[in-house]
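Same order as they appear, the protein sequences are chains A and B. Mapping to our numbering: the first sequence position 59 is 59, numbers consecutive. Adding 437 to a residue's 1-based position in the second sequence gives its number in our numbering.
Take the hints with a grain of salt, since some may be wrong.
[To be verified] To give an idea of the chain B side of the interface with chain A (calculated C-beta under 10 Å), a few residues:
1. Leu449
2. Arg489
3. Pro494
4. Gln600
5. Asn606
If you are wondering where the hints come from, they were derived from the structure by calculation, not from laboratory data. Here a beta-carbon is modelled for each residue, glycine too, at the ideal position from N, C-alpha and C.
Chain by chain, the residues run as shown.
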Amino acid sequence: MQTKKHTPNPSQEGNHSLRENMDILKFITAGSVDDGKSTLIGRLLYDSEAILADQLEALHASNRKNDDGSIDLAILTDGLKAEREQGITIDVAYKYFETDKRKFIIADAPGHIQYTRNMVTGASNAGLAIILIDARKGVIEQTTRHSFLVSLLQIQQVVVAVNKMDMVDYSEDVFNKIVADYKVLAGKVGLQNVTYIPVSALKGDNIVYPSAKISWYTGDSLLTHLENVQLEVDDTSSHARLPVQWVVRPQTDELHDYRGYAGRVSSGSFHVNDKVTILPSGFSSSISKIEFYDKELAEAVAGTSVTVHLADNIDISRGDIIVNSAGQPQLSNLIEADLCWMDTRPMDTSLTYLVQHNTKTIRCKISEVLYKVNINTLEKDYEEDFKLNDIGRIVIKTAEPLAFDPYQLNKANGGAIIIDSRTNVTVGALMLRQAVD
Amino acid sequence: MSKNRLDYLDELEAEAIYILREVAGQFEKPALLFSGGKDSITLVHLALKAFRPGKFPFPLVHIDTGHNFEETITYRDEMIARIGEKLIIGHVQDSIDEGKVIEQKGKNASRNALQTVTLLDTIAKHQFDACIGGARRDEEKARAKERIFSVRDEFGQWDPKRQRPELWNIYNGKIHKGENVRVFPISNWTELDVWNYIRRENIPLPSIYFAHQRDCITRNGQLMAASPFLNMDDEDIIEKKNVRFRTVGDMTCTAAVESYAFELDDIINEIASSKISERGARMDDKVSEAAMEERKKGGYF
Ligand SMILES: Nc1nc2c(ncn2[C@@H]2O[C@H](COP(=O)(O)OP(=O)(O)OP(=O)(O)O)[C@@H](O)[C@H]2O)c(=O)[nH]1
Ligand SMILES: [Mg+2]
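Please take these sequences and the hints and turn them into a complete structure.
As structure tokens, then:
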């Protein structure tokens with residue numbers, strides 16, 4: 001393959017930004033504190049010429065500089081005052097850029113363990129994770145934690161970027177050793193599609209441009225990989241789900257009987273005349289009409305926000321879910337789930353919390369702790385207490401049955417959050433697994 | 438490529454509509470903050486798609502600095518007449534008359550900072566529990582950090598170090614009395630996405646977005662529209678220029694760019710090849726590295 005020069009938007013001539021049918025890759029950076037995540041994103045944007053003149057000016061004017069006096073690219077994403085003062089990332093920064101191949105939404109996450117919940121926030125919507133490893137340090141605890149979370153959250157694609165290669169003389173041996181170590185970890189946490197790239201975010205090796213200093217590496221640069229990686233396509237065969245967000249009832253004279261169920265198809269697709277079931281009530285009907293503003297559609301595919309009409313008059317409100325009768329989700333009020341605890345107050349099995357799943361928010365309790373995962377050994381710990389950043393498996397009991405799919409099979413209908421009703425804060429992430437009978 | 442993969446504009450649109458409907462479903466008294474700019478005009482269009490043939494489950498709220506481009510107000514009133522929704526106006530002039538804020542003096546005087554007080558008063562008066570805004574994460578580095586449902590305390594303050602986790606598309610809108618949530622449905626859109634969407638959807642815009650002739654003066658290296666709201670003196674030389682505006686705010690802090698972009702296509706080409714960010718044309722962001730973060734902490738949009 002020849003070395004190609006990227007001239008991404010907006011500096012390129014012509015109108016590729018007007019092209020339609022481009023897809024979006026959402027990706028996140030992960031890895032331990034100071035591994036160079038923000039620098040890598042800064043480098044990616046800088047070398048792609050995606051930074052505009054006034055932002056560049058601010059970058060040069062900033063007094064945060066690298067030791068060698070070069071500009072510190074991390075401040076492109078470290079947008080908070082506290083972050084710039086401390087030189088660390090606290091919360092996720094979202095950055096947007098595009099090349100002629102694809103649009104990208106980047107979530108630059110913090111590496112510090114204290115801010116794991118912010119990393120989880122960014123990771124929950126990512127289709128790819130770049131896990132950075134400092135070439136001098138190799139695989140460490142935080143690498144393991146983030147890799148485990150990436151696996152739990154079912155991020156399909158992983159890039160392991162072995163960074164700071166400039167500090168180990170671009171040594172192939174160092175790289176190979178880290179790849180070997182990571183392969184063991186990937187096997188343990190269950191990550192499948194892993195690509196390994198040696199880089200230096202600081203010097204710009206293998207980020208946008210291939211590097212002569214790493215001639216022993218024959219794979220793609222990071223950007224080339226991101227541009228070409230195959231994205232997971234929503235599987236039409238997965239069963240159709242439409243959580244009802246809002247009932248449209250104009251109640252005007254001419255639209256007296258109009259009753260539309262508005263929501264976003266979370267998986268699968270619906271067609272006019274499909275037989276559907278409403279959960280949790282269990283009533284069935286069929287789709288009489290699918291509307292999108294001024295258009296009538298024959299089909300509504302996953303990801304689209306539509307308004308659906310049913311052939312029968314059934315009592316449906318927000319919180320209900322319309323599903324294809326032929327492939328129904330599980331329905332239960334006792335559910336086994338993976339839990340990631342995200343609050344400084346420990347989880348309390350005697351408390352009543354709220355669980356939010358799709359458009360439904362109801363009371364719940366953690367009825368049983370099955371185990372916690374020891375992040376160092378990845379083995380099970382049979383401890384009851386769930387503290388900040390603990391990950392493990394529990395059983396949740398809900399005040400009404402939830403209509404869910406296992407997160408493994410259907411992310412959109414298998415994720416839920418726990419809210420502490422005293423503080424209203426989101427304290428837990430749930431990846432639902434299966435009904436317990 | 439599968440037909441099931443949505444085009445990026447469809448995906449952004451569907452996400453924004455989903456967020457608007459979450460606001461409708463989760464809050465008792467939401468409002469849509471309408472500035473007259475292209476982002477809030479886009480929001481109104483998305484709300485039509487989310488709720489028609491029903492009515493919007495919220496009023497539009499305009500915080501009026503009194504220093505408006507005339508074209509914006511004309512557009513606003515025509516739009517309200519066309520869509521038949523409710524408009525509430527909060528006047529900065531009222532806050533000044535009530536002595537809650539003091540008009541700035543001097544050459545660079547602007548009412549931009551004052552509008553935060555009027556906004557917070559309007560929220561309190563109507564007891565709004567959610568305010569939908571058109572801010573985007575690509576605009577500014579502090580905004581790049583903000584959640585889609587962004588909780589504000591009783592004083593309207595944003596605490597960037599204590600944001601709630603926000604997973605998947607599950608938005609937690611639970612708040613205590615007195616708090617409110619700012620909601621940003623087009624967080625993930627870029628400036629170019631908004632323009633491409635406006636073109637695709639044929640959304641009408643106020644004329645000031647297109648190139649036109651106008652009396653301008655140059656201030657701090659930027660072109661400003663000459664107006665009675667700008668404190669001018671002998672040093673200010675008025676020149677006729679061909680300009681347009683990339684963002685629309687208070688007349689005293691929105692800079693013009695020289696332009697011959699008379700059509701949407703010209704504008705899109707101009708932005709696609711521009712080397713200056715949209716916020717680069719806002720004097721209010723130039724003050725310091727953390728200007729936006731400080732204003733948001735104080736209750737700004
Ligand atoms: N020599 C060398 N230094 C690097 C490289 N990448 C990053 N650094 C330095 O490593 C330090 C940390 O970089 P950041 O990008 O802030 O690290 P981070 O991973 O974003 O850190 P957190 O977000 O706080 O977890 C900075 O001093 C960088 O200049 C690299 O490739 N080589
Ligand atoms: Mg960082």
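Evaluated hints:
{"no.": "1", "hint": "Leu449", "result": "holds, 8 Å"}
{"no.": "2", "hint": "Arg489", "result": "holds, 6 Å"}
{"no.": "3", "hint": "Pro494", "result": "holds, 8 Å"}
{"no.": "4", "hint": "Gln600", "result": "holds, 6 Å"}
{"no.": "5", "hint": "Asn606", "result": "holds, 8 Å"}
Figure legend: structure checked against the earlier numbered hints; every hint is met.
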